[in-house]
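Q: One-letter residues, chain by chain:
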Amino acid sequence: MRIPRPKILSLPFLDDIEEKGVVKASTDLADDVVKRVTAGLNISDVRSVLRGDPPARPNPRLTPHADGFWFHIRPGYYSKLQDGLYPTFRLGWLATFFFAWEILTGIYLMIFYTPSPIVAYENMLNILSNVPFGRFMRDTHKLGGELMVLVVAFHMVRTYITGSYKRPRQFTWATGGLLLIFTLFVSFFGYLLPWDQLSLWAITIGTSAAEATPFIGREAELLLLGGTEANFLLRSYLYHVILIPIILIVLLAVHYYKVIIHGNSLPPEAEDVGVDTARKVPMNVRTYFMPKMLTRELVYVAALTLILLAASAFTFGYHAPLEPHADQLVTPLHTTSPWYFLWVQGLMKLGDKLVFGIIIPFIIVFGLLVAWPYMEVGRNRRYGARRIGLSIAAASVILAAILTYMGTHWFGVETSPDQEAVAVLLPQTRPGPLRLADWDDIPLGTYAASKWEGAPTPTTTKLLKTFHRELDNARDNPIYGDVGGFMIVEDWQTDLKKITLSVAWVNQETGAPGEFSEVFYFHRNSDYGQGE
Amino acid sequence: MKYYVAGGTLAFISAVALLIVMTVIEPARMESFTRSYESRQIEQGALIFESNCLRCHGPQGEGTPLGPPLNRADLFNGEYLSAIGWSSTLRDFLNSTVSAGRPLPSDGTNFPQPMPTWSEAFGGQFRPDQIDNVVAYIINWGDRAIAGAQPTEITDDLMMGSDIFIELPEGDPEAGQALAEGTLGCAACHILSTVGPPWAATDGLPGVAVRGAIRVQQDNYTGNATSADEYLIESVVETNIHVVEGFQPSIMPTDFGERITLHDMADLLAFMQTFE
Chain A
-1 MRIPRPKILS
9 LPFLDDIEEK
19 GVVKASTDLA
29 DDVVKRVTAG
39 LNISDVRSVL
49 RGDPPARPNP
59 RLTPHADGFW
69 FHIRPGYYSK
79 LQDGLYPTFR
89 LGWLATFFFA
99 WEILTGIYLM
109 IFYTPSPIVA
119 YENMLNILSN
129 VPFGRFMRDT
139 HKLGGELMVL
149 VVAFHMVRTY
159 ITGSYKRPRQ
169 FTWATGGLLL
179 IFTLFVSFFG
189 YLLPWDQLSL
199 WAITIGTSAA
209 EATPFIGREA
219 ELLLLGGTEA
229 NFLLRSYLYH
239 VILIPIILIV
249 LLAVHYYKVI
259 IHGNSLPPEA
269 EDVGVDTARK
279 VPMNVRTYFM
289 PKMLTRELVY
299 VAALTLILLA
309 ASAFTFGYHA
319 PLEPHADQLV
329 TPLHTTSPWY
339 FLWVQGLMKL
349 GDKLVFGIII
359 PFIIVFGLLV
369 AWPYMEVGRN
379 RRYGARRIGL
389 SIAAASVILA
399 AILTYMGTHW
409 FGVETSPDQE
419 AVAVLLPQTR
429 PGPLRLADWD
439 DIPLGTYAAS
449 KWEGAPTPTT
459 TKLLKTFHRE
469 LDNARDNPIY
479 GDVGGFMIVE
489 DWQTDLKKIT
499 LSVAWVNQET
509 GAPGEFSEVF
519 YFHRNSDYGQ
529 GE
Chain B
834 MKYYVAGGTL
844 AFISAVALLI
854 VMTVIEPARM
864 ESFTRSYESR
874 QIEQGALIFE
884 SNCLRCHGPQ
894 GEGTPLGPPL
904 NRADLFNGEY
914 LSAIGWSSTL
924 RDFLNSTVSA
934 GRPLPSDGTN
944 FPQPMPTWSE
954 AFGGQFRPDQ
964 IDNVVAYIIN
974 WGDRAIAGAQ
984 PTEITDDLMM
994 GSDIFIELPE
1004 GDPEAGQALA
1014 EGTLGCAACH
1024 ILSTVGPPWA
1034 ATDGLPGVAV
1044 RGAIRVQQDN
1054 YTGNATSADE
1064 YLIESVVETN
1074 IHVVEGFQPS
1084 IMPTDFGERI
1094 TLHDMADLLA
1104 FMQTFE
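Chains A and B, in that order, are what the protein sequence lines are. When we follow my numbering, the leftmost residue of the first sequence carries the number -1, and every step to the right adds one. When we follow my numbering, the leftmost residue of the second sequence carries the number 834, and every step to the right adds one.
Read the hints as simulated data drawn from the structure, not as lab findings. Each hint should be verified, as a subset may be incorrect.
[Stated by the list, open to error] Lysine-lysine pairs mimicking DSS-like chemistry, simulated, CA-CA at most 25 angstroms apart:
1. Lys78(A) with Lys256(A)
2. Lys33(A) with Lys449(A)
3. Lys460(A) with Lys449(A)
4. Lys290(A) with Lys835(B)
5. Lys78(A) with Lys290(A)
6. Lys835(B) with Lys78(A)
[Unchecked claim] Quick partial rundown of chain B residues pointing at chain A, CB under 7 angstroms, derived from the structure:
7. Met834
8. Gly841
9. Met855
10. Glu859
11. Phe866
12. Ser869
13. Tyr870
14. Arg873
15. Ile875
16. Ala879
17. Arg977
18. Gly1015
19. Ser1026
20. Thr1027
21. Pro1030
[Claimed, not checked] Listed next, the stretches of chain B that the computed footprint assigns to chain A, with coverage defined by at least 3 CB atoms under 8 angstroms from CB atoms of chain A:
22. 905 to 917
23. 954 to 966
24. 1078 to 1085
Cβ atoms here follow ideal geometry from the backbone N, Cα and C, with glycine treated the same way.
Extracted from the complex, chain A is given alone in its bound form (with noise of 0.2 angstroms):
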């Protein structure tokens, strides 16, 4: 006889567990937990999609697509012609992966990391020596962010030549367009944080533009960089960490919404010309989002999660920078800003700062980038008949890998040989041959570069060979007589030698004799080399 159980709390499960016994009430709570995660599908609904048996009907894996927040954002199904690599290489999802793979780094670096000059570089030397994953953390958060930048301009040039920024999708493009363009700035205000060398000089020259604005020039440059170092920081932090970042989510969605309203556009040969039969999928030409497109995404994921984690994880592999500490008094021999800026640097190099330095680069172009479907508006996606289109892209990228150049220190920039010769062996930017030499190896004494068969040891064989091998530009110049370089070595303190680079030249103008030495203190287990 049933003993009526007294009705104080209302506990559905001990109710079944009644009616239907321990097992069969546990199986079914949990299939209704993984239904209501997966918002539509029970257990044996995501063992078929795992299985890749063909869905029943009505498809319950569309449920998802209806009631569910993260499958809503993407289509329920598309046509057998995207579902391979070709016509999209899934460059958008690869955008989406690594702006979650920084937002999430990110964080974990924003909590050893305060935006004030009178720590932040040693926040990462902190991060360095003392945080658990943390050189992993800096190195992949530097890595992802430049990938990202990669990824992105790749999406956009691959929507460009399949002609799917067209009519009705020019408002998904310019969202694209916007998503580029702030993509860039984020990474660039992230350059600032770690407040070294490279840091500083990259900002510096970036933003030495803003002071060109027309009439504000002056509450420009004030309102970006807020006057002081301190205030400086602060706001590319914050700019890096929140601002930017909003702009990116509320146009990604926007972005993925128009997506879900036009669907993915087909290959430009598969419609004919001026028609979009991207939403009207007829059934039998369907792959729809789960199994197949949802597959594929999480392999991605995975394969590109195993890369990160390698490239990063050892001693060899990408590690980001970290150069001396942020210094307004000394301007490092070749300053650039971020690669993906240096178009800019090369459009400043051939005048004025106000025309090629914002209005070309950032009203011009970024204001074409983002209106050009609205612009260019032929209905014709096909590649034969945008020849003039395709034509004008590919004179784009061309110009962008020139500016590039022209925006690096082999163009224009006009540099002593002397010192030049020097930094090749002790460079300023990065740890160079005479930093991770041998300690060891590196007997006391002077030697001449031009005697360098004659050297002791294989390290300073090598050291000198090339330090007699980059005077060659000084012996060329005809303004340097009698060029020799020297290495000084001696004994300074235990377990430190001071080595000392010395070009010596005579003037062939003057007569007079030059000299130009850098002095480096050695200690023997400085290291370098490790991911710094």
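Chain A is already provided as a structure; the job is to place chain B on it using the hints.
A: Just chain B now, kept in the frame of chain A:
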């Protein structure tokens, strides 16, 4: 589909395995970076010392008439700190002295100026991390200072100073050559290049062994030497008193008098006398 699932699962398992490997090697990596960071502090500190502290404390911290020696045993073995009643560590003592300087020269000393303030916090020019670097550099003298070893090999000798008429011991030209080509670095400018006046005979001028005798007779000679040897000693220890025409003052380091001993000077002179 099967291959995708298998590949993805494999990648996922490998990623987890890699994470485990990283977790295992991470403590060693952090320790290694800490050690190299401490070594780099010494390197950076040496550069700061060279451009800011050397004038008063000497290139090897041996002290000058302007400032006390730092490279000395009693600073590192605790005697000095107990004498002045400092209760914290040597690192703290050095850090506070370098940061805040000294308002007055210490009792019993007669230095012309007190130690200036160096830290930004006290009106100086250095950030806290730079002060730490200099302190790390000074502390690195400890081992040799306590062991009683001097930076140069000859320990029972007097420093040369700037008296060019001082009586020198017998010199050894080979030892002099070793100095010129080795730690003193004379050879870089005077033998291997012409940044400084060449020691060997050139352009109708005889070698330095006899050239000084001509120089001291010239009308534009501004030094005090009266013989070829005195002229050579003067050029080493009183660099700027007479600068040979066509060269700039202070290109030649002005601190050799404080860096070399009487023996070194004698050896160097003997070597220079071989350039006829």
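Q: Each of the hints needs a verdict: does it hold here or not?
A: Status of the hints after comparison with the structure:
no., hint, in the structure
1, Lys78(A) with Lys256(A), "holds (21 angstroms)"
2, Lys33(A) with Lys449(A), "violated (78 angstroms)"
3, Lys460(A) with Lys449(A), "holds (11 angstroms)"
4, Lys290(A) with Lys835(B), "holds (11 angstroms)"
5, Lys78(A) with Lys290(A), "holds (10 angstroms)"
6, Lys835(B) with Lys78(A), "holds (18 angstroms)"
7, Met834, "holds (5 angstroms)"
8, Gly841, "holds (4 angstroms)"
9, Met855, "holds (5 angstroms)"
10, Glu859, "holds (5 angstroms)"
11, Phe866, "holds (4 angstroms)"
12, Ser869, "holds (4 angstroms)"
13, Tyr870, "holds (6 angstroms)"
14, Arg873, "holds (5 angstroms)"
15, Ile875, "holds (5 angstroms)"
16, Ala879, "holds (4 angstroms)"
17, Arg977, "holds (6 angstroms)"
18, Gly1015, "holds (5 angstroms)"
19, Ser1026, "holds (4 angstroms)"
20, Thr1027, "holds (6 angstroms)"
21, Pro1030, "violated (9 angstroms)"
22, 905 to 917, "violated (count 0)"
23, 954 to 966, "holds (count 4)"
24, 1078 to 1085, "holds (count 3)"
Hint compliance for this structure: hints 2, 21, 22 are not met, and every other hint is.
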